Structures are given as C-alpha cells and as structure tokens.
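Protein chains: 2
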Amino acid sequence: MPRLVNHDEYRQIITSAVWKVMYEDGVEAASVRRIADELNISVGKLRHYFITQQGLLGFALDAITERVSARIKQHRLSARSGDAAAIEILGELLPLDHERSVEVSIWLSFLSKARHDKSLDELKHRAWKGERYVCRMAIVATAGWSYEGRNFNEPFHNAEVEKLADELHLFIAGLTIQSGTYPDKFTPQVINIYLRDHTVRLNKELGDYA
Amino acid sequence: MPRLVNHDEYRQIITSAVWKVMYEDGVEAASVRRIADELNISVGKLRHYFITQQGLLGFALDAITERVSARIKQHRLSARSGDAAAIEILGELLPLDHERSVEVSIWLSFLSKARHDKSLDELKHRAWKGERYVCRMAIVATAGWSYEGRNFNEPFHNAEVEKLADELHLFIAGLTIQSGTYPDKFTPQVINIYLRDHTVRLNKELGDYA
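Heads up: the sequence lines are chains A and B, in that order. Position in the first sequence (first residue = 1) + 1409 = my numbering. Position in the second sequence (first residue = 1) + 1409 = my numbering.
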C-alpha cells in the first residue's frame, strides 16, 4: 500500500480487501488479522480504522447499501416504467454480474451471521426495509404509475397492492438465496426468465388497481 | 457424560450437543473443541468420532435429513391429499415449532458455508433434490392425484407441471430464509397463511392438468 494516500482512497483500498476476503471465504473469514494480512499492513495500523470484525462487516454492508441505493436512484431519476424497467430494478438485488454476485454473497453471509448475533438486529431490519423499498418501486414501474410524489418507504394505501409487494419481496428473497447458493442452476439468463415471469403475473394482478 | 453408553446413545448425545451449539451460535461456532467443551470431554475423545468440523457438520445434516425424511414418509404412508395435506407436507421444511426452527437454522448456516466450501458441493446438490422431492409431493397432494407408483425424484412428465414445482421450490426457499432470518415477522401463523395462499393459487393453475 502506498505511504501517502488520502483518507477516502485508504477506505477504498480497505473496502476492496474486505470484499475480496468476504466474497472468497465468507464473512466469518474477514477478521481484522486476515484483512491486515491481505493488505500487507500491521493489525495495529488497521485497527486505527476498525476495532472489531463487526466494524469491518458494517463497513462492507454500508458500501453495498450505498452502491445499490445509487443504482436504484438512477432508475428513479430515469423515470422509465413498464415490465422491462421493473425487471431491471429488481435485478439490482440479484447476482447478474460480478459486482452484484459479490454483493449478494456478502449479503447472504451477513443474514446468516445476523441470525445468531443480536447486535446486528437493527441492521437486519434496515436491510428488510431497503428490499421492500425496491419491491414497491418495481410494482409502480410495472404498473406504469408515476414515481412522482411517492414515498416507497411507506406501505401502499391499498392493502391488496401492499400484499403484492409482500409476495414480490418473498419471491426476491427466494431468488436471491437460490441464485447465490446454486449459481450453476441460476445463470443471469435463468434469473431474468424468473423475473420476467413474475412481472407478467404481477402485472395481471395489478390490472384492477390504479 | 456417563461412562458406559452404547454407540448409538453416544451418537445421540453428541448430536444434541452439535445441534445446540449450531442453533445458538451458528455452524462456524461448532468446532470440535467447542463441542468437546460442551460435552465436558477431551478433544481427543471426541476425535474418535469426528476428525474435523466438516465431520460434525455432515453429522448434523444427516440427522436433519433423516428426521425430515421420516416425517415426509409418514405423510406418504397416510396418503391424505388436498390443500391441507399439501400445507402440512411443505410445513415440514419450515420453522413451525422448536424442532423445525433448529433444523432451519442449521440448514441455512450450512448453505452459507456451502457457498464458500467446494467440498460441500455434493451435499448441497443432494439438499436441492430433497427439497424438490417435497415440492413435487405437495403438488400431487394439492391436486388430489394418487401417490401410488410415483417417483418424486423424477421431474413431472408434463413440463408445465414441473414448472409449477420449480416455482413452488423458489417460494419455499424464500419463505425459509425469511422465516429463519425474521422470526418476529414470520410467526407460525403467518407462515401458514403464506402456504395456504400459495397452495390455493397452485391449485387453480393445476386445474387443467391430471
């Protein structure tokens, strides 16, 4: 690692190392020692940035959240709608390329850890809300409704529409764990077929609402 | 631990300890040392039974597979059919009581580990087939077809029906990870509502086939 780097660059370098280890060997493997080894720096130096493995995990997750949020925001700004737009929005959560595969892998490792670690409860529930946000946005896209003035953090006023968001959320969770665990069966092409089929069905069920 | 126990009892005692640790702290925590501590025996003694953590994990998973298979076999023997039977069959894979919560927890931890450990590939794919078996059986149950002479290890002859098994499999995967991760949101009552709704829809789509 070069001696003179600014704080942001340093964070970026550390993030890459954390992500690499988590992707290759899982969250548990990403100890402060292992990351220090990966970066070829002392544990003491790394501890200036992260005291605990918890800190490293939070850091990796914040990076995921930022990246996914930025991509979702782009979709919102483009204001495209229809089935194809909905599929692209949902696809931001799925392993459709290397970047997203790394994200999903870290994501699932985090959920696994969060099942046994109460200190991750708040993060876990924040994660749930983020996913639901994306599902609601995809529903609005596929229905062709305007994004204008909508708060995707809030449930739909119509309980039947919120129920569709609920089912979509469950479907995306299933597709995430299956594609993350069985990448041989769930190629990007297969994932897109599932997304398309579900979106077509969703659209039929949304037909009656406005 | 009593000095004189037969081999089966000993395995039973070890299984309980492995399960307890995996349930409370995750698969990663269930090292040979930790299990030995839990049983208050020496690592050397435990190593007569398990050389590695892999061995412990395989042991815990075999125990799950045996238990789930035995319950599924009972359903098959009872030969009950209809929506209620299908819901009960699928429910064997979900955290509807303490026993199944422990199973699901270990199961998800295993999948998480299997994403980073190629040596678990065969076990991971065997797990997939077992789940698909249960999904096919639930489809036959909800459609009211006879179990007689069916091999649930094989895809349905009708590709459209197999596609419904495929979607059911994905739905169950989603319900498993969500209920395992967010037990506060997915109470047994909520899980059963999801199962009922999905079975009702499935039944409608199965209406045209025989």
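I should point out that these hints are in silico values taken from the structure, not numbers from a laboratory. A couple of the hints might just be wrong.
Put simply, identical chains are the same to the list, so a pair is met inside one copy or across any two.
[Said to hold, decoys possible] With a Cα cut of at most 20 angstroms, we get these calculated EDC-like pairs of lysine to aspartate or glutamate:
| hint | residue 1 | residue 2 |
| --- | --- | --- |
| 1 | Lys1429 | Glu1557 |
| 2 | Lys1538 | Glu1569 |
| 3 | Lys1527 | Glu1437 |
| 4 | Lys1613 | Asp1471 |
| 5 | Lys1533 | Glu1475 |
| 6 | Lys1533 | Glu1447 |
| 7 | Lys1594 | Asp1471 |
| 8 | Lys1613 | Glu1540 |
| 9 | Lys1527 | Asp1446 |
| 10 | Lys1533 | Asp1417 |
| 11 | Lys1482 | Glu1497 |
| 12 | Lys1533 | Asp1575 |
| 13 | Lys1572 | Asp1606 |
| 14 | Lys1429 | Asp1471 |
| 15 | Lys1594 | Glu1563 |
| 16 | Lys1482 | Glu1540 |
| 17 | Lys1594 | Glu1571 |
| 18 | Lys1594 | Asp1575 |
| 19 | Lys1527 | Asp1417 |
| 20 | Lys1572 | Glu1433 |
| 21 | Lys1482 | Asp1617 |
| 22 | Lys1572 | Asp1526 |
| 23 | Lys1429 | Glu1540 |
| 24 | Lys1572 | Glu1475 |
| 25 | Lys1613 | Asp1530 |
| 26 | Lys1454 | Glu1614 |
| 27 | Lys1454 | Asp1492 |
| 28 | Lys1482 | Glu1508 |
| 29 | Lys1533 | Glu1614 |
Quantities reported herein were computed from a predicted structural model and do not represent experimental measurements.
Hints, verified against the model:
Proximity of Lys1429 and Glu1557 under a CA criterion of 20 angstroms is satisfied in neither setting, with 39 angstroms inside one chain copy and 51 angstroms between copies. Only within a single protomer do Lys1538 and Glu1569 lie at most 20 angstroms apart by alpha-carbon distance; the minimum there is 19 angstroms, versus 34 angstroms between protomers. For the homomeric pair Lys1527 and Glu1437, the shortest alpha-carbon distances inside one copy (16 angstroms) and between copies (16 angstroms) are both at most 20 angstroms. For the homomeric pair Lys1613 and Asp1471, neither the shortest alpha-carbon distance inside one copy (36 angstroms) nor that between copies (43 angstroms) is at most 20 angstroms.
Proximity of Lys1533 to Glu1475 under the C-alpha cut-off of 20 angstroms is restricted to the intra-copy arrangement: shortest distance 16 angstroms within a copy versus 32 angstroms between copies. Within a single copy, Lys1533 and Glu1447 get their C-alpha atoms no closer than 28 angstroms, and across copies no closer than 29 angstroms, so neither meets the 20 angstroms cut-off. Taking CA atoms no more than 20 angstroms apart as the test, Lys1594 paired with Asp1471 passes in neither setting, with 29 angstroms inside one copy and 24 angstroms between copies. For the homomeric pair Lys1613 and Glu1540, neither the shortest alpha-carbon distance inside one copy (22 angstroms) nor that between copies (29 angstroms) is at most 20 angstroms.
For the homomeric pair Lys1527 and Asp1446, neither the shortest alpha-carbon distance inside one copy (29 angstroms) nor that between copies (24 angstroms) is at most 20 angstroms. In this homomeric assembly, Lys1533 and Asp1417 never come within 20 angstroms of each other (Cα to Cα): the closest approach is 26 angstroms inside a single copy and 40 angstroms across copies. Proximity of Lys1482 and Glu1497 under a CA criterion of 20 angstroms is satisfied intra-copy only: 12 angstroms inside one chain copy versus 42 angstroms between copies. Only within a single protomer do Lys1533 and Asp1575 lie at most 20 angstroms apart by alpha-carbon distance; the minimum there is 17 angstroms, versus 28 angstroms between protomers.
Taking the shortest Cα distances, Lys1572 and Asp1606 sit within 20 angstroms of each other both inside one copy (18 angstroms) and across copies (11 angstroms). For the homomeric pair Lys1429 and Asp1471, the shortest alpha-carbon distance inside one copy (15 angstroms) is at most 20 angstroms, but the shortest distance between copies (32 angstroms) is not. Within a single copy, Lys1594 and Glu1563 get their C-alpha atoms only as close as 35 angstroms, which misses the 20 angstroms cut-off; across copies the closest is 17 angstroms, which meets it. In this assembly of identical chains, the alpha carbons of Lys1482 and Glu1540 lie at most 20 angstroms apart only when taken from the same copy (14 angstroms versus 37 angstroms across copies).
Taking identical chains as interchangeable, the C-alpha atoms of Lys1594 and Glu1571 lie at most 20 angstroms apart only when they sit on different chains, with a minimum of 15 angstroms there against 31 angstroms within one chain. In the homo-oligomer, the alpha carbons of Lys1594 and Asp1575 lie at most 20 angstroms apart only across protomers (12 angstroms), although the nearest pairing inside one protomer, at 25 angstroms, exceeds that limit. Taking the shortest alpha-carbon separations for Lys1527 and Asp1417, neither the intra-copy value of 30 angstroms nor the inter-copy value of 35 angstroms comes in at or below 20 angstroms. Taking identical chains as interchangeable, the C-alpha atoms of Lys1572 and Glu1433 are never at most 20 angstroms apart, the minima being 37 angstroms within one chain and 33 angstroms between chains.
For the identical chains of this complex, Lys1482 and Asp1617 are neighbours neither inside a copy (28 angstroms) nor across copies (43 angstroms), given an alpha-carbon limit of 20 angstroms. In the homo-oligomer, the alpha carbons of Lys1572 and Asp1526 never lie at most 20 angstroms apart, since the shortest distance is 30 angstroms inside one protomer and 37 angstroms across protomers. Taking the closest pair of Cα atoms, Lys1429 and Glu1540 never come within 20 angstroms of each other, the shortest separation being 24 angstroms inside a single copy and 31 angstroms across copies. For a Cα distance limit of 20 angstroms, the shortest separation of Lys1572 from Glu1475 qualifies neither inside one copy, at 27 angstroms, nor across copies, at 36 angstroms.
In this assembly of identical chains, the alpha carbons of Lys1613 and Asp1530 never lie at most 20 angstroms apart, being 36 angstroms within a copy and 39 angstroms across copies at closest. In this assembly of identical chains, Lys1454 and Glu1614 lie within 20 angstroms of each other by CA distance neither inside one copy nor across copies; the values are 56 angstroms within and 61 angstroms between. In this assembly of identical chains, Lys1454 and Asp1492 lie within 20 angstroms of each other by CA distance neither inside one copy nor across copies; the values are 49 angstroms within and 61 angstroms between. For the homomeric pair Lys1482 and Glu1508, the shortest alpha-carbon distance inside one copy (17 angstroms) is at most 20 angstroms, but the shortest distance between copies (43 angstroms) is not.
Proximity of Lys1533 to Glu1614 under the C-alpha cut-off of 20 angstroms is found in neither arrangement, the shortest distances being 30 angstroms within a copy and 35 angstroms between copies.
The structure fails to meet hints 1, 4, 6, 7, 8, 9, 10, 19, 20, 21, 22, 23, 24, 25, 26, 27, 29 from the earlier list, while all remaining hints are met.
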